[in-house]
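Chemist: Top to bottom, those sequences are chains G and Y.
Under the working numbering, think of the first position of the first sequence as 770, with each following residue one higher.
Under the working numbering, think of the first position of the second sequence as 770, with each following residue one higher.
Mixed in with the good hints, there may be bad ones.
One copy or any two copies: either way a pair holds, since identical chains are not told apart in the list.
Said to hold, decoys possible - Pairs of lysine-lysine, DSS-like flavour, derived with a Cα cap of 30 Å:
(1) K1087 to K774
(2) K774 to K1102
(3) K979 to K1029
(4) K873 to K979
(5) K1064 to K1029
(6) K979 to K1064
(7) K1102 to K1087
Because the hints were derived from the structure by calculation, they are not lab data.
So the chains spell out like this:
Number of protein chains: 2
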Amino acid sequence: MTEGKRYDAQTLTTFVEQLFETAGADAEVAQVVTRVLLEGELLGHRTHGLNLVSRYIGGMLTGQVKASAGLLEQVSDSGISTLFDGHYVLGPYCVSRALDSAAKGATEQGIGIAVVRRASHIGCLAAYLKPFTDRGLVAMVYSSDPSVGLVCAHGGIDPIYTPNPIAAGIPTRGEPILLDVSMSTVTLGLVGQCREAGSPLPHPVLMSNKGQVTDDPADFFTTPPGSILPLGGQAFGHKGFALAILVEALTSGLAGHGRKDAPDQWGASATAVVIDPRFFGGLDAFTDESSFLSKLILASRPVDPERPVRLPGQAGLKLREQALREGVSLAQKVVDDLNQTAGQLQLPALS
Amino acid sequence: MTEGKRYDAQTLTTFVEQLFETAGADAEVAQVVTRVLLEGELLGHRTHGLNLVSRYIGGMLTGQVKASAGLLEQVSDSGISTLFDGHYVLGPYCVSRALDSAAKGATEQGIGIAVVRRASHIGCLAAYLKPFTDRGLVAMVYSSDPSVGLVCAHGGIDPIYTPNPIAAGIPTRGEPILLDVSMSTVTLGLVGQCREAGSPLPHPVLMSNKGQVTDDPADFFTTPPGSILPLGGQAFGHKGFALAILVEALTSGLAGHGRKDAPDQWGASATAVVIDPRFFGGLDAFTDESSFLSKLILASRPVDPERPVRLPGQAGLKLREQALREGVSLAQKVVDDLNQTAGQLQLPALS
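Using the sequences and the hints given, assemble the complete structure.
Modeler: As structure tokens, then:
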């Protein structure tokens, strides 16, 4: 990937916020969405970072994606259980509001949950978590998209549901543990990248529309389409399949809006659950335990001496820390797209 | 497996309750534990069914396992968030009380959570769920055991944590979806069975203490011991590993009692989370969605035409229905063990 120059995080924040605001976003929405996308970039999730800015603004300009805070509708609220209808407002704003709502419940009574239906694209789940672990909270996010079917049932051929990630932030005495894993073997992104690169997938995790397991991305992009195997693959795919059904239930099921409604527009169902350890064994006992487990894991003898065992999120947090210290290195393609969007909006280019 | 005759479920219930009571259990504890173990048996989980009765009573007679309801201590309670200390009371009683507590929170405010530390052996998580799905609730149970290390970190050699299952019951318009999956590729039970049978594991999912992936159970039972690969195996084990860490956090982390305490007695940390869909999109919308997804899944073309795609829990619920209709068929070994325990307690044998 061609690297451009390094940018100060504050410079990027100001620049991207202005893009969103000029394109019509409320200031609050622009700030939250910018923070989440920059966080994805900082953590090294370059497919879910600032590359999404131009896509999101493109959606706003065609009217498919909304950016007004007032459109995010609170459908019901018990104090700790909340349902929002996103009405296709920018997803990072919807999910952040859901997490804030769940965190409020957690700090008041130990746990809170908020469900969002019809959020626009929500980016990278790992990017939402650190503000909550910084407060000593355990934060979880689940998501699915009822308008899309990519992954097969265990033992089945046809694509039915989405990769349905589970993400969680777990506080420790040091850096948090940040996990963000899909319940499929791979995501559509990797399948598409391999097709573009003309290379097979690293593992045979696709199912052709004839029921053959394959590593050839061409077998996915057929009519009818192929599918992606659940986490666990052929041998243990019943586990990833079962967990994916749970994610569907926690997201689209609770949302009351899902595959039964046959939505024709890309739109996520997302559920945030936040827990405050202070209501159980206490924050000290919690972080003592999570730190102890972390040490056990990091002390584990590695299979490959060149690759020490790492905690989930550890590599991303290191990249984040480096980027905040040395500046954010953006791919030239991302800079070009940002500047093209700035031009469209008659704003100056990124300096 | 040698099959004995079929027994009426009520006959078994009365017989097993009497064993527990005579061995010193409170009537309430005897009833709950019997119901959970019989339910495991009915669902076809024969390693987590009535075969456990003699083992549990053996533990009671040596004093390691407690059976007094009053010993289950409620350490804290916010109304929806509760921490119990099981003090090694029979696990099915501890987990059932935790689920009841979480369900109370759910029906009052949408979600409830209860964490138990130091429960004795808790059996099969799938066996707890149906009473809650029958009430239109989504019920989840997570568990780990901080006194045991069996599974390696992704990329690591040493055994660190337990298989850490996630179980969930999801209501539909018909039978519920019941899932119960470990975050490891296989459980210790299967490794032990293969060693006894002198056969390799069906897949190479063990790690020798030298860092070699193997299907030979002998490579697990070494000094120092081998380990079990996380769900996802060598290619995607970072996902099972990450989810297992989340289960550790939700169980031992919240419990404030875990690996840091180096417990020397087998004892589970278990967490129950119950959600009431009525506080979100409503129960009808929830079951419409879960039933719609179920139909999509069941209509999926199977890879093997002889093996139609099934929902998690479907096979077990069919066995359950058959056993309730035709009687429960117990393995002769289980009948013999039950009768030996009855003899020890000077009670009549199972008729």
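Chemist: Broken hints, numbered, in rising order?
Modeler: Violated hint (a single one): 4; every other hint is consistent with the structure.
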